[in-house]
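Participant: Now for the letters of each chain:
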Amino acid sequence: MKSIRRCQFLISLFIVLFIAGMAALVIKIHREAKFYMTHSGTMSLGRVYDRHGDVLYTGTDDDGSSYPDNYFIDVGSLIGDDSGQMENTLVARNTDKLNNYSFTAGLVREGGKAAIYTTLDHEANRKVYDAFGSQKGCAVAYNYKTGELLVCTSLPNIDVTKGYDDIANFESGTLISKVMYGTVPGSTQKVSTVITALEIMGADRLFAKRYTCEGHYTNKTGGVIDCHNIYGHGEQDIQQALENSCNPFFAQLVADSDMPLNKIKKIYGKLGYAINGEEMEYFDIDGIQCERASTTLEDTDDFRTQWGCIGQGDTLVSPMQLMMWQSAVANGTGRMTMPHLIAKVTDVYGDVCERGHTEFSEQLFTDDNAACVRQMMLTNGANHYSELIPGYSLGVKSGTAQVDEGAKENSLLVGFVDDEDFPIAFCILIEDKDSGSVKTDQIAKTLLDALSE
Amino acid sequence: MVNNPIAYLFSCIFVLGAHIAMLANVMLSDGSGGSFVLLAAGVIGLDLVCFTVMPFFRQQSYTIDFMLILVLNMSVIMQSCFGGVGFAVKHWITCIVALGACRVGYLLCRDHKWLEMQKKYYYIGIGVLMLITVLFTGSRSMWINLGENTSIQPSEFIKPLFVLACATSVTEQQKRHRILGFNVVYDNLALFGLTAAICLMQWWCRDLGSLPTFVGIYAAGFLLRICYPKTKFSKKSLVGAGLALALAAVLAVFFAPEYVRERIFSDIWSDTSGNGYQQSKALIAIAEGGWFGKGPTNGFLHEVFAHENDIVFATICEEWGLLFALMTVLALIMMVAVPLISPPRSYFHATMSACVCAAFTVQMALNIFGSCNMIPFTGVTIPFISSGGSSMLVSGLMIGMLSACQSPVFRDPEPFRFNAEAPKRRRRA
Amino acid sequence: MDIVLCAVSAAALDICLLVLIIAAYREKHSEKKSWNKLIHHMELAGPDTVYELGCDEILIGRHASADIRLPDLSVSRYHAMLTVNASGIWTITDIGSKSGLFVNGNLVKKAVLRENDIIGLGNRRLVFRRRGGNGQ
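Here the protein sequences line up with chains A, B and C, keeping their order.
Just so we're aligned, residue 1 is where the first sequence starts under my numbering, counting upward by one.
Just so we're aligned, residue 1 is where the second sequence starts under my numbering, counting upward by one.
Just so we're aligned, residue 1 is where the third sequence starts under my numbering, counting upward by one.
Think of the hints as simulated: they come from the structure by calculation, not from any bench.
Be a bit skeptical, because a hint or two may be false.
Below, a sample of chain A positions facing chain B; criterion: calculated Cβ distance under 8 Å [to be verified]:
| id | residue |
| --- | --- |
| 1 | LEU25 |
| 2 | TYR36 |
| 3 | ARG304 |
Virtual Cβ for every residue (Gly too), placed ideally from N, Cα, C.
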């Protein structure tokens, strides 16, 4: 009867809705179970390998005693472990992928094949690490065509297999990869300023600008910008100023009436700067958070703003970001190649369940301007670095950053190799450069030699 | 004694078989201590007693009763194995209470005409229960504390009465009266008022967990009423009403008390030791259990508060596996789906079945989806699986009502009026 | 081991549920028999359709929600209702129809139906008869 059938229909409706809900629940649980397991007290983590199959992290069931002493020290703060001491590391952020768990098989304690194969080159990484000697800092390099991170090390560092018993005596910065965190960029910032100027006024007008450097520059509000060459560089154009890394030139460029503040802000914003205390955002590199740049832009005649555009004072940029900008220049497209660390992930059965892939950012600046900056940097490289780092066609920019209110100086070098078959972009930071004899170019040479082997 | 002795016999054997398989599972997982023997004796004994007693109630259909005993004893076995074998005597007794309640519900609800005539008493009963709730429950809670760790939840007892109040017959829907130019059925108005009153009370008591259950029951009753329109019920106005309801729901969420909003807009994983504690533990337990579970008695979730009622689904998943937990839920669903196989013979019974089905599915959905973080977590129980006296009793009663719908009796409430009418027609003829 | 045990329990439960469903269908069969016995195997027959009398309140009318739908403008939306009492006697009641309810040609408000009564609703005629048609 129709009336009864209507009731039956309603009953079926309730049941069907409920069963649909249950189906959704089962799908949800099945998909998210790996994530739930990361909150469980027991985990069975697999290994992390480098691009040649070298172990970078030994997993839960291996204490690493079969490896040489400090074997993992060059990657400790990048690869990390599951101890909870380092949050922003590959292992800590990807325990769900590394866990030997599947909903069907449950937690496999022995013989699970879950693993992460990274793009790193452990051997090269180690060589770079060793090249720092007693000095601190960090180095990062990647393939700017594919985005594969090849070298990423930071000093001081930790061998995670040794544990954290001595944590009270760790040097500051041991437990973070400095590559991911903001540092004063020094003159490497001038690359951004050149890009900004190019975007605003175009190549022709920018190259027509000439300013005189007398060793220092007093701006309209009375602030004094010193040049590292106290005798001054004389009258220069932008190419010369970039090669000389001349502060007064850039201060005058920023103060120029052709560089309105709102346009500078817009382009800096596009490049990824958090301006005037905006909320800091992060890049995500396979779960690892990398700080974006930040700076102060309040008034182009003001000291802080000019000082910031030269790469001192309030400006902070992570070495990773400096390197990524190099890719946008080196590619000639104005698009950054987004770095990735994971080449592939295997599940508990050893089947590949995820592969890393190349991604690009949106266009930060035009192709023409990219080509222009590229040429400027290549010229700089050819003029000043062809002897220091022989054998490569390099585009580079060095920088010296004043930290601790001028008490110490950090040395930076960013650059890229202009070679279709060897597309490497890099950034090197040596902290307190006067504390030792190692120079950034030596590290760059070690790095490129190790990678090209 | 039984219409289908063969079907009855086979049902007995296979229900017993299912229980024995589960007991074997427990035995092989955790040896066979004294408490296991007690458990086995309790379960199988209860089975056998039920199988012997049931034929004395001459029913058309025993399916629901078999499913009830199946589910109840399954839940006894499961509840006894949380974190180690220990016969859950309290749960076993509440199961017997539920079986008793089922009989009572069955006996009371077979005659739908009589049931319909008692309608005013349901309203009175609900009114009294609401009054008790408002007057006697502790400061704005839903429990009446009887001391000695016993407390009852009067709002639970409103459910079966509300189901009866929601049930209606076609005849009732044809008794129309004109008020202000509208054709209305007094019964429908009264029911609407009652629902509103109950919802207000639940809101006041902060018992927002059982609110959806009442709304679900009312929705079933409402949908089965509006199909008898006298004035045209256009689809537009229905859609409009639906939208208005949705809007009201959204507004309710925004103006909900702080503790409700906290539950709705919180990420359990960022607060795994606070608000998200139970849910995150439940989900971890489900993940650890996987499809096939860790085996009875091997779980860890029994250490978490409310493991035996609010997050019982996860506890079962962990020990018995998601597969088995889904089967258990399926058994519950089948119980309320029996009216689909064998349709009731009166609209009153049919609407009653639909309302019971609504109550059960909504409660299960709230519990299971709530504990798995798909919807806000409420302290609702899964009928028969969760432990808890009030809930067991009331669920038993409602299943009894469902079972009664399968075996109706027809008695004449007013035989003389029919006879008085009949000769008149004859005379004319 | 766990998997086997779990599978066995689940299988036992599955089979049990299946058996219960089969039992439910058996019971449905016998329930139907006893229902038909209760209503003395009566049914309503139209010119080309036979209407089973499956529950105790049967609405006849033009409206889509009526149990027996007679799509004819002479039939009211809700025209008449059939009810059955405990002894299986069917009664037909006029529930506010416009054109009236006729049993064997007589206008009635309410009437007890006997075998082979002819019910008139507007232009439609239905025969109240034993199952299996007039031949039985």
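Participant: Run every hint past the structure and note whether it holds.
Facilitator: Each hint tested on the structure:
1. LEU25: For A:LEU25, the interface hint holds, since the closest Cβ of chain B sits about 6 Å away, which is under 8 Å.
2. TYR36: OK, holds: A:TYR36 within 8 Å of chain B, min 4 Å.
3. ARG304: violated (37 Å)
Comparing the model with each numbered hint stated earlier shows that hint 3 is the single one that does not hold.
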